[in-house]
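K.L.:
For the protein sequence lines, the chains are A and B, in the order given. According to the working numbering, the first sequence is numbered sequentially starting from 2. According to the working numbering, the second sequence is numbered sequentially starting from 2.
You can trust all of the hints, since none of them are fake.
Chain copies aren't distinguished; within one or between two, either way the pair holds.
With a straight-line Cα cutoff of 35 angstroms, these simulated DSBU-like cross-link-like pairs (lysine-lysine) come out:
| hint | residue 1 | residue 2 |
| --- | --- | --- |
| 1 | 198 | 93 |
| 2 | 199 | 94 |
| 3 | 256 | 169 |
Note that these hints are calculated values from the structure, not bench results. Keep in mind the model is a prediction, meaning the values are calculated, not measured.
Number of protein chains: 2
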Amino acid sequence: MKISPDDMDDIATGSSFLATGGGGDPYVGALIARRMLAAYGDVELLALDELHDEAIVVAVGGIGAPTISLEKLPNGREQEWALERLEACAGKKADALIAFEVGGINSLLTFMAAARRRIPVLDGDGMGRALPEMQMTTFSINGVNGTPMVVVDEHGNNAIVTANDTAKAERITRNIALAMGGQCTSAESMMTGALVKKVSIPGSIGFCLEIGRSLKRSNIDADSFVEDLRGLADASVYGAVRRLLRGKVVDVERKTRGGFDFATIVVEDLEGDGGPMRISVQNEFLLATQDGAVRASVPDLICMVDSETTVPITSDRVSYGQRVTVMAVGAPDICRTAKALSRIGPRAFGFDVDFVPLENLS
Amino acid sequence: MKISPDDMDDIATGSSFLATGGGGDPYVGALIARRMLAAYGDVELLALDELHDEAIVVAVGGIGAPTISLEKLPNGREQEWALERLEACAGKKADALIAFEVGGINSLLTFMAAARRRIPVLDGDGMGRALPEMQMTTFSINGVNGTPMVVVDEHGNNAIVTANDTAKAERITRNIALAMGGQCTSAESMMTGALVKKVSIPGSIGFCLEIGRSLKRSNIDADSFVEDLRGLADASVYGAVRRLLRGKVVDVERKTRGGFDFATIVVEDLEGDGGPMRISVQNEFLLATQDGAVRASVPDLICMVDSETTVPITSDRVSYGQRVTVMAVGAPDICRTAKALSRIGPRAFGFDVDFVPLENLS
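Same shape as in the complex, but just chain A:
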């Protein structure tokens, strides 16, 4: 399937939804990605099973606190610089790119690099959503060491990091991102086609595109969108879809610490007789509780749209008085294995609850 400049807007919207509150405002990214594809041509979106086993695949994306990208604009060539340096280091050229994270701007960044390079983007990713750290990808969870990993900033300052495991690489590159002004761009996890097929979430970019298309339909409302989403999820590796709450944001407490955005959001239930829902955030919406019970938790996706406009709301844009519809989507099975839950289950983020799949929650 060919991805056109117009599709960039839909992918931006879909990825903003799948970012589960993370990833920052996709507006600037969508503008740059659209212009990039207009200049360099459409990009092939390649299904994982169409990829040669011997092909070389690289993941590209951004690292850092999403809030910062609203003010520290990219120059648009960072992905290419990172990719070139990684290729030089490995002595191999990338045949295709993959987003390590479908949620947020990272899917757009992958298309931008692919457009300039005229190579395909794979229809899949390493998170199926957005998550704050690199060792939380299905690549890393399934044994892929993401290094050597290249990070660059908008001035060309760069580092090639090699670490004994991805969690260490994450600590090092997170600190480099801080030294680079809070955000930088990476190329990492060079894999063969055979490997990438085993450790990725198939179809997530297509899912993202379809979500964006649905959300952009004229006069769509939040409830019709939930219906669309059910259909899309049924045809995908994702699980159940639940509409959790229609309500009003009544409190937001927010801080940026160590390169992450932390927040707690309280949403008052406007239609049911339930108490307020509390949503805990570390870049992403990680845990939703109501009346003392878990309504949804990471790795399942907690997503929020504006009830009136159906625009996905990122955690840095949540504000008092917003009318929001909160929904949840079951994560793909590869994100729910015991190994996966030890890294991306609620306890991995410091919450004292076990993961219960969305479909088993009331």
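Take the given structure of chain A and dock chain B to it, following the hints.
P.N.:
Then chain B, alone, in the frame of chain A:
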């Protein structure tokens, strides 16, 4: 001149003196360096004017808060790993090594790497003392970009950093050091012989060795040492020597922040009728004031020895009640140029005083 395992103790002592309070306790470093030279043979100390102009020179050393190295021990191969990676990256082998900093453990680290490699160490360095940041070397002050620069930790995790200027490289590698547990090892500033002769402080390693020998003479006292030091400084590129104070430490306020050790030390004058001397520390002793007047300031060297044992005292070991002799040594001219003072004068460290050369102070 051949440097033997026994010389390692003298260099450790001399470099601890020249560390002007920084560099941490040299004890563990001296033990490792002694064993390394015993195992791999003596190391040639090469005068700068004996070096071929076409030779390739690399600076090696450690980055981070010296306090940490007391608990986080090296494995002894870090310099070699860093050097090998830098050489692979540059496609050139080092013909000789130079310490970027004669003060503290960095001179020992250079000998350790040189012993394993069986290549010479140059008699010179990039600071003539110890200073907290990489852009403070005479290499950087005189236009050498210290990157590509390799940093490694004791587990082999590593990064190759390329930056547009050394100050940015410093910020990035300082943050990497934090991610590596507060300390790491570097190889950097690959230079030709012709260049290194222009941007280095000649003779500083020999000066360091002779200081160590003097301090280790049996029954030397602090005042006889000052006499020895005058003679050694006269025969070197260093300036005047002043004995500032003999006194007692009456207060120490200390904190570790952002990978640096900060402190203020107050020394009561035990022989004169002056008020207490205040010494301000950022890893190193940077500014000594007494009765409202500057007695010595960076880049001139403020050094402290135990009045009873003549053992040099590092800032992390200063404690209440110690009897200390504080002295100062004029920095080499290359450290006192306008360009140098903009980076390593008192104002560069946030002190609201202009630099006045030691020989012009009362």
